[in-house]
Amino acid sequence: MHRKSLTELSRSLARRDFSSVELTHACLKRLERLNPTLNCFITPTPDLALAQARDADHQHARGTAGPLAGIPIAHKDIFCTDGVKTSCGSKILDNFIAPYDATVVERLRAAGMVMVGKTNMDEFAMGSSSETGFQGPVRSPWDINRVAGGSSGGSACAVAARIVPAATGTDTGGSIRLPAALCGITGLKPTYGLVSRHGMVAFASSLDQGGPIARSAEDVALLLGAMGGFDPKDSTSVERAPQDYVRSLATGVQGLRIGLPRQYFDAQLDAAIADCIHKVLETLERGGAKLKDIELPSTPLSIPAYYVVAPAEASSNLSRFDGVRFGYRCDNPEDLTDLYCRSRGEGFGAEVKRRIMIGTYVLSAGYYDAYYLKAQKIRRLIRDEFRAAFEQVDLIAGPTSPTTAFRLKERMDDPVSMYLSDIYTVSVNLAGLPAISIPSGEIGGLPVGMQLIGNHFDEARILAAAHAWQQQSDWHTRIPAGYGE
Amino acid sequence: MSLDRTEIEQIARLARLALDEAEITLYQRELSKILDLVNTMNSVDTAAVQPLAHPLEITARLRPDEVTETDQREKFQAIAPAVANGYYLVPRVIE
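Protein chains in written order, with the working numbering: chain A, 1 to 485; chain B, 1 to 95.
It cannot be assumed that every hint is accurate.
[As the list claims (entries may be wrong)] Derived pair list, reagent style PhoX-like, types lysine-lysine, alpha-carbon separation capped at 25 Å: (1) K292(A) / K279(A); (2) K91(A) / K75(B); (3) K279(A) / K233(A); (4) K85(A) / K75(B).
[To be verified] Derived CB-CB ranges, DEER-like: (5) T477(A) / D65(B): 51 to 59 Å; (6) Q10(B) / K290(A): 49 to 57 Å; (7) G482(A) / R63(B): 25 to 33 Å; (8) E391(A) / E21(B): 52 to 60 Å.
Please keep in mind that the hints were generated in silico from the structure rather than gathered at the bench.
Everything numeric in this text was worked out from a predicted model, so none of it was measured.
From the three backbone atoms N, C-alpha and C, an ideal C-beta is built for every residue, glycine too.
Assemble the whole structure, with the sequences as input and the hints as a guide.
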């Protein structure tokens, strides 16, 4: 069963080839067997999963089941789940049981999906390797000595290892796309405002966006339709008519104009990765797409601007963790200041503290204009360059990651080298655009991802192009060695 | 860009983070390196550029000023470190 994609499972459940309870049992068994090695789950929820699977089987019996009913899913541990621990990969929330469900969780549950557990991640989604979490690093199923990418590494790993057919992730600077690329699966970061942030633990509020992780564009399209849409509980949620992303998959790429930013394909791009991407582009060109060189000159400024905006917003958002209302509290505080300082000092890990410190510094009196305001101006330059590019092209293509999966601990002692992993992904968040990472090849047995970026709310076009490629290729169906059985 | 120990201690104080000596040394080195990266922003002149705070430049939606939440004090306080009589407990602030 674990070899089937979400779309195939949906058909099997509709035909009653097997029940959701049988499918869920199989997932839970795999989770139990593989998690000790991969560390992709923080909290498995077997009892809840089986109860939800029985509900879904009733829906199938009554004929009221939708296409996602009975299909197992894993949620990144950043999404609040009523009654189930939401740690966000942090010691400070390791005892936190949310009193409500995130909108994303609620919507996928309403669609009949079965939650099998909460996945491991970088602490507060701050990282590119899923090594900074309180529960230890996630390991790649392609090579357990390498990272799964981050910060949604547990979700990407669980999908790649065929434990679940789908998972949720969040993407503030690449945290869906990067692990999707390194794990050889498909992950979409939607337009800012399309998927509700309600109940998603906030990192950088003007950048954070939840999205689906699965094997193919077809699977992602089905999930996005159920996750997305207006939510009055998120003040930045955009009011738009719901879209059927599955129906538009067959649009193809005939006449599609794809832009290749010179700054993404310069001499710094690894030649083997460039090779993989050019093969995809040749295929799309044969399908009728038109390639065009474009310019995004401010690309090199995206990392510096991001490492002002994101930490600044994080330092503000994370001020709520004070040891008073929920979460970790230090022992025997001397006074209120000691309570705040030690609860936070002991509760947060190294990377989170580092970012709170940067954010506090750039927002402090006398430095605001030089850092935060400057970064916001760069942000406009980046957004305007994308806007100009989308007057000439429909989609923009490039690599997702500058390298394939690196070794565990390789970049942990050098924050700047870790930050540079996001060179191709962060500008998309700064501009609020949607982008997908799709499997595009392998180098030395490790997956390579390609990124397709669209204009605001152009997810349908991105998914149709990704689907066109996946109809002509089988990278997205490859299973890491040893995980087929 | 290099920050001295006093500056690191001041940032930690503002951020309400208790740091030990080793952490102060580490963050002094790392924050200086990160600020070097950040300062490459200064390679472009942005005097004529307006700052962008929100990617879609929409203004926050308003809702009618009506009570929509029910009282869930007990549920929310059940996850607090220390409560009594419906209040959150902290160390004594006023002697």
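Task: Verdict for G482(A), R63(B) (Cβ pair) under range 25 to 33 Å - done: The hinted range 25 to 33 Å is violated for G482(A) and R63(B), with Cβ atoms some 53 Å apart.
- [ ] For the pair supplied as a hint, K85(A) and K75(B), confirm whether the alpha-carbon distance does not exceed 25 Å.
- [x] It holds: about 15 Å lies between the C-alpha atoms, which stays within 25 Å.
Open item on the list: Just to be sure I understand the hint, the distance between the Cβ atoms of Q10(B) and K290(A) should be within 49 to 57 Å; is that true here?
Closed with: With a Cβ separation near 56 Å, Q10(B) and K290(A) satisfy 49 to 57 Å, so the hint holds.
Task: Beta-carbon spacing of T477(A) to D65(B) - inside the hinted bounds 51 to 59 Å or not - done: Because 53 Å falls inside the window, the suggested range holds.
Task: Hint consistency between K279(A) and K233(A) [alpha-carbon to alpha-carbon, up to 25 Å] - done: violated, 43 Å
TODO: Return holds or violated for the Cβ distance of E391(A) and E21(B) against the range 52 to 60 Å.
DONE: Cβ of E391(A) to Cβ of E21(B): about 55 Å, so the range 52 to 60 Å holds.
TODO: Below or equal to 25 Å on CA atoms is what counts here, so check K91(A) against K75(B).
DONE: holds, 22 Å
- [ ] Verify the proposed pairing of K292(A) with K279(A), using a straight-line Cα cut of 25 Å.
- [x] holds, 16 Å
Hint compliance for this structure: hints 3 and 7 are not met, and every other hint is.
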